[in-house]
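Enquirer: Sequence:
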Amino acid sequence: MRGVLVPIVAIATLFGSALLLSSSDRPVFTTQDKAFFADPALVSFVRPGLVIKIVGASLSSDGAIKVQFTLTDPKTLPLDRNGITTPGAVSTSFVAAYIPRGKTNYIAYTRRPQTSPITNVTAIQPAADSGGSYLQTGDGQYTYTFGTKAATGFDLGATTTIGVYASRDLSEFDLGTNSDNDEFSFVPNGSPVIDVHQVVRTETCNKCHDPLSAHGGSRREVPLCVLCHNPGGGGTQTIDPDTGNSIDAEVLFHKIHMGSSLPSVQAGTPYQIIGFQQSVNDFSTVVFPADARNCQMCHETGAPPQGGTAPPGSMTPTPNPPPAQGNWWITHPTRAACGACHDNVNFATGLNHVNLPELDDTQCTQCHFPLGELPFDASILGAHTIPTFAPGLPGVVFTLQRVDNGLAGKAPTVTFTLNDASGNPIAPSGMNSLNLVMAGPTSDYASVVSEDARKASGANGTYMYTFQNSIPASATGTYSIGIEGYRNITLLPDTVTSQVVRDAGHNVVISFAVDGSKVAPHPVEAATANCNSCHYSISAHGGFRNEVQYCILCHNPNATDQARRTAAQMPAQTIDFPVLIHRIHTGENMESPYIVYGFGGSVNDFSDIRFPGDRRDCAKCHLNGSQQVPVPATRIDVQTPRGFYNPMGPTAAACTGCHTAQDSAAHTSIMTDPKLGESCSVCHQPSATFSVDKVHARSL
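In my numbering, each residue's number is its place in the sequence shown (first place is 1) plus 2.
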């Protein structure tokens with residue numbers, strides 16, 4: 003009888019709690035969350051989400067480690083770890099590590115041997131604790147006693163950190179798995195915490211990784227990662243015994259992000275880590291989305307490379323402060339960190355290190371101090387100078403002031419300004435490239451012309467150019483004109499480090515009505531700042547096309563790569579912007595390759611792109627709900643000569659950019675009538691059962 007009573011009491015308690023909740027108690031979910039679309043009664047009952055908080059810890063003189071923690075939902079309602087009195091069992095795993103006094107890197111207390119079946123080498127690797135015990139001390143309150151004890155001779159005065167990763171299984175409610183991490187630092191003898199390890203912020207990683215997650219997805223914070231991914235101690239190193247590669251964070255993270263650019267990979271040796279259950283993780287095809295010399299992309303110090311102004315969206319938004327050791331990479335270079343990217347350097351022999359052996363890290367700063375006097379020198383910032391951000395570039399600044407005679411059947415005249423960053427005028431003839439691009443209509447760009455504007459008339463920074471091509475006589479509505487250009491600047495002339503750099507201006511676009519109607523610019527559906535969160539400063543085609551609203555002038559529904567392909571390589575590939583961007587970012591997950599022929603017949607195969615984020619997060623790129631259907635009625639069909647069918651409706655073309663399988667194309671084809679168009683909104687509009695947001699929603 004008791005076996006029946008307990009579940010009934012538990013269920014009664016649950017429903018009683020749910021009935022007491024007011025609407026204001028319900029956690030606020032966004033359209034990216036599965037819970038947003040779930041039945042409100044179910045959400046009030048389940049209370050999706052997970053918050054784990056370490057509230058105390060101890061390391062006693064006998065080496066015993068204990069940690070006190072709480073489990074709650076996002077509204078602080080206690081959760082049952084076993085999933086009996088509250089829905090969803092919660093799995094927790096703990097790691098304990100310490101920082102030796104006066105040091106900055108962790109050494110894990112919780113470790114285990116790992117023997118490679120390939121090499122028979124045994125490595126001692128940090129790991130989650132096992133064999134411990136739980137004690138419930140209150141509702142949602144627990145104490146965990148580690149199965150591992152600190153090794154003999156441990157220091158009670160060393161900073162000790164306990165990390166936990168937890169997951170709450172709500173799959174039976176179709177709410178997925180919720181995850182959370184926490185870390186807690188203390189000094190066992192009661193002294194204040196002095197030694198810390200804060201080099202990179204999780205928020206910085208999440209600019210691209212959306213969110214950062216590893217080992218099944220429940221490990222999501224850098225402060226947790228470094229508890230295991232550390233150099234090791236006691237004469238051992240943390241390595242993968244199958245490959246011999248280090249799994250220390252300062253090596254592992256650098257090498258992963260360098261990927262295909264590693265000298266070792268380019269020489270033919272793949273970069274691999276063999277992980278759980280002998281899974282082979284090959285990072286040899288990783289391409290860092292920004293310039294790999296941009297150390298500040300990850301080591302955010304609050305300043306962009308080599309000073310200057312950071313492009314919009316490129317830095318982690320405030321109020322996140324720089325980490326305590328944000329400048330560590332500048333002030334404390336090491337052979338491990340630097341050799342991770344420059345892995346063709348042999349510090350023992352001096353090979354590829356100007357023939358200078360480096361036997362320990364204490365000598366590094368003698369040559370590699372933070373900043374020297376010149377770009378491209380041996381200082382850390384100097385050696386990582388990105389030419390397009392190098393100090394000394396005068397800059398190019400455009401404005402488009404007005405369009406005259408911009409009427410259907412007429413050749414428009416554009417008045418523009420051209421100056422350097424200090425306001426000094428630049429003559430159009432002094433530019434190596436200067437083009438004005440006209441496209442229209444803005445309801446959905448269908449045609450485009452580009453003209454060389456270096457013969458524009460004018461003086462003192464203000465110039466006028468009259469197009470040779472006229473606006474089509476049948477044109478209506480709004481057209482746009484954009485500007486692009488660069489001039490070559492020689493940095494450090496007459497020196498061995500002299501470089502010629504393209505000093506490019508930032509594209510700007512102006513719109514105008516060709517029929518006297520009200521000006522209606524193209525809707526802003528994506529922002530350059532969104533691209534810059536991963537790419538730092540997005541640019542293409544030689545680095546002087548760098549604004550999304552400018553890109554779409556050419557990458558329109560009628561655009562293909564036909565002009566760049568040989569007859570033997572036909573049919574052509576669409577380069578319509580929604581298709582292009584979706585396909586590129588789908589990359590290695592595409593069902594069929596996406597290959598675009600470019601300038602000079604270059605073959606650009608995007609089939610191996612490894613997108614670091616989650617493509618279900620449409621708002622990562624889209625603005626103003628532009629991922630929703632129906633799309634504006636003014637949109638035109640997309641020419642897709644290499645597609646499953648041609649042409650495609652604008653919705654079908656965009657959606658099959660990610661959903662690349664043949665059955666997806668069959669679905670969109672069936673749902674498109676040759677006369678009436680697409681019917682996508684019937685099922686996928688915001689209020690529909692299979693709305694775009696709902697089918698892309700994720701668990702917390």
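Be careful, since some hints might not be right.
Unchecked claim - Okay, derived cross-link-like pairs now, BS3-like style, lysine-lysine, Cα gap no bigger than 25 Å in a straight line:
1) Lys36 to Lys622
2) Lys68 to Lys36
3) Lys68 to Lys55
4) Lys77 to Lys36
5) Lys457 to Lys520
6) Lys677 to Lys622
7) Lys677 to Lys696
8) Lys677 to Lys36
9) Lys151 to Lys68
10) Lys55 to Lys77
11) Lys622 to Lys520
12) Lys77 to Lys457
13) Lys105 to Lys77
14) Lys412 to Lys520
Derived from the structure by calculation, the hints contain no laboratory data.
Enquirer: Of the numbered hints stated earlier in the document, which are not met by this structure?
Expert: 2, 5, 6, 7, 8, 11, 12, 13
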